[in-house]
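Need the complex rebuilt from these two chains, each delivered in its own frame; the hints are there to steer you.
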Amino acid sequence: MTVDSGNELEQQIAEWRAYMRRRRELHSTDAEELEDHLRDRITELTEAGLHPDEAFLIAVKRMGSLDELSREFAREHSERLWKQLVLTGDAAAAPSSGNRRELVIMIAFAAVAALGIKAPALFGVSMEGPSTFYARNLGLFALAPLAAYFAWRRRLAPAVIGVLAALFAVGAVAANAFPMAEDSQTIVLSAIHLPIALWLVVGVAYTGGDWRNDRRRMDFIRFTGEWFIYFVLIALGGGVLTAFTVGTFSAIGLDAETFVGTWLVPCGAMAAVVVAAWLVEAKQSVIENMAPVLTRVFTPLFTVTLVVLLGAIVWSSSGIDVERDVLIIFDLLLVVVLGLLLYAISARDPAAPAGVFDKVQLALVVTALVIDVLVLAAITGRITEFGFTANKTAALGENLVLLANLSWSAWLFLGFVRGRLPFGRLERWQTRYLVVYAAWAWIVVLVFPPLFSFA
Amino acid sequence: MHITKDLVAASATPLVLGILAEGESYGYAILKQVNELSGGQLEWTDGLLYPLLHRLERLGHVEATWHTPIEGRRRKYYRITDQGLKELAEQRRQWAAVVDTLRGVWNAGASLRPIPAPAWGVAG
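Residue numbers (the numbering used here), protein chains in the order written: chain A, 1 to 455; chain B, 1 to 124.
Bound conformation, chain B alone (with noise of 0.2 Å):
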């Protein structure tokens, strides 16, 4: 199955801000992430992640921090913050009313029947 680019970029910001919320994380380690709870159904662009990310940093949802460990490469490391955890809960709860809306609709079936059009406004 494919998940169309309007979806995967409209859940990108909550899915990022929720997985930090679990703790600092790095790029590739949230794309890691993201491909594991989606059991790679949701498939990103690894490259588009970091301008979301910087956006975040900008907004000031989340912090960012260079590590160096002792040998090897720095890693740029990002921490959500206090203001990032207020814009997560406020989009899961817009999610949580898209996804009842939908569900509604799903679980009507067939006892949802499609409005009448006016008899004019089909002439065409």
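Just chain A, with the same shape it has in the complex (with noise of 0.2 Å):
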């Protein structure tokens, strides 16, 4: 080999390395990796008798197409650009008429959704007054367009489309055919639990129908986090119009507030549904994931407070005050504790090694598992003390529910932090538990009524 073919084929490679470099599923590292293999093989080649630059043509072929290679690079490490991974499989970028189509139908849906809420007026039902129906309904009014919109947007399989509208169907018998008295424990707890129950239906649309698996999991926990920012951004705009409406109304002697309590905030939530998830994916690399950037700034926040509050509870010895509604408040604690945990999981490079933010997660997950136990101890002699109602036992059924999933956290967690357990095992354990929250909202809705006689 002459000094002039190994300057051209070093241009070559370097050429080749750019190409790679443009391929956002491509880390560094992964280029090098493979680079490194490159020269192997070129290597061997040239060794056999190739010209350098016949070896290198035939090294890169070798490698397969690049389009291949970034589609199993991304299958692999999701984490990286989840919103890339339609399920339909297609690869090429979509053209910009494409995108103006899509746009038109998202919008469509929206309408559908925002209209959607009205339509029960046809028929009477007002949403003044003390009937219930809304409250109880507001799960199927907001998901079953997001559902539909998923379903078309993943081009979903009749069968399961079919699946999904039963969901919906057994949702919406039991919110309206118990006869649970306007004012009683199940009907709010009904009321709760039915949109956490669709949501999850809604997942199985937004995975393609493969909610069994891990990865597609996780990008759901991924898109539930950043439909949740853009869903309170567009909330946050919307209430400044809303101010806006009825201020500059209201100075010219017009009273808007009708309007915008039946018409405006109920019909632009429902929208917002749908255009938030459609912002999700759309804009995905406008706004690189939020919901890890975020959990980075509160987790230690958060860890700090538990500590000193654990602390509190130590020092002054007087135990927990236990109130009816404390139980509430330590549920919601946890929710966030796992929130912030999931966030952290969803966005973390599984391969890279544990690092001081880790242990402070550990920490924070530990600090609310000892919080809560203590919490825990305080309300089962309450509870055994004045019996079961409808609302202590979904409050004590969904602490055990986070406290079973945050225990076991906490466990691998340390595993992975002692360097003895991959961080896979944590991220699975996270995706597989998405049933058990299912199943407990399902109970909730479907069992619990009858259970407590519908009081």
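Just so you know, the hints here were simulated from the structure itself, not pulled from any lab data.
Check the hints yourself; a few may be wrong.
Calculated lysine-lysine pairs in the BS3-like style (CA-CA distance at most 27 Å, straight line) [unchecked claim]: (1) 32/B / 61/A; (2) 86/B / 76/B; (3) 32/B / 5/B; (4) 76/B / 61/A; (5) 86/B / 32/B; (6) 32/B / 76/B; (7) 61/A / 5/B.
If you want it as structure tokens, here you go:
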């Protein structure tokens, strides 16, 4: 090999490397690993008597097409590029006309969602007044259009669509057919849990029917966090719009409050559910995952707060004052801790070794667990004394579901921080556990009302 | 002879784990070994080995480290873990079952008669 052809080869390899760098699916370490391979192959071929040019061509060819390679890498490292894993397997970038069509269809779904919430008015169901119709069915109105949107977007098989429709129908029957009193506990529980149950049904649509796949489930968890953030952002904008509408109209002597209360807010909120979902998918590259960023900021703060709280409980040694709602507050605390854990997991490179942040995270989980055990001990005494009601049972059940998840998470996390277990175990535990949430939410919706005789 | 894509994909994990069970190695060397062991009949697309190795790493079956020689480029080495060895043993059991079954079918030869289809089943 002459010096000249050696230089030429280096230049060719440099071009190939630059070409690979343009793929976001491939990190620089992956590119380095592949380049190492390419060079080994070229060396072998030139030693066998090939000219460097030819050796380079053959080595690149044997490496496989870059499209196929990127797709395989994206499949394995979905945390890098989860939004592009549109499950139709279409790897080509959509042309701009396709984007516009998608936008129009998304707007159509949002419009259906917005009008859907007003449909009951045709049958004389008013949004004002004491009826709990809207509270009971909010989950259905909000999430059915979203599930339909994903069914279209992912081109779901008819069988899957049938199952999704059946689940929504079950939810509708449970919310409306049970003779629950207007001010009963079970009606409130049903109104809270039905959206959760249906959100996980939306998850089945989101994953394109491939809901058993752990990677797709993780994608759905990521989606949930980003969707929530977009929804809150839209709600903030909506709040400003509402304030201006009411303010400016009252300045010219017109009362816009009825319009705002019965049209603008409910229709806007329903449409925002679909729009936020679309934004998460479409604008992923504009705002890279926000949930993990917030997680990074708040995990240390929450850890400090909880440690101080624990210290205060121990120092005052007064035990926890068992008010009626205290269990709910601690349930919410566990939800927040679990959320922080989930979004730290979802954005983490599973191959990276344990760092300081992981230790902070572990401290957060352990502190939350200790506090929760104290609360549980206090509350079980209370329940055994005064008996079970629907509210207490639900709060206790939720606490146990979350406690079980966090305890095992803490155990796996400890193994990971000490270098005994791979990070993937923790990830899989969380994705598998989604089924438990779904089961629990459906139990509260379907079993609780008859179990507590609709009280 | 060309081995179909499905078979290549199915055998990839036990092959890689089996080779790594012999000792630490890196991508190119693993590929060369597969090529030699199969007498060149098992053709892999070079690049696709790496997503597979990364998957095994994520699942905890293998561990990876970058080694940098004093001169020359750094290289990523893979080493099998205890969990990987267990997985390999499990895969071996499964493959043995498949191979045994196939052998049973091949050897049965003429003694294996097709089960006659019920009359109503072949109307079309």
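Status of each hint after checking the structure:
1. 32/B / 61/A: holds, 16 Å
2. 86/B / 76/B: holds, 23 Å
3. 32/B / 5/B: holds, 19 Å
4. 76/B / 61/A: Answer holds: residue 76/B to residue 61/A is near 22 Å, not above 27 Å.
5. 86/B / 32/B: holds, 25 Å
6. 32/B / 76/B: This hinted pair holds, its Cα atoms lying about 16 Å apart.
7. 61/A / 5/B: holds, 17 Å
Checked against the numbered hints given earlier, the structure satisfies every one of them.
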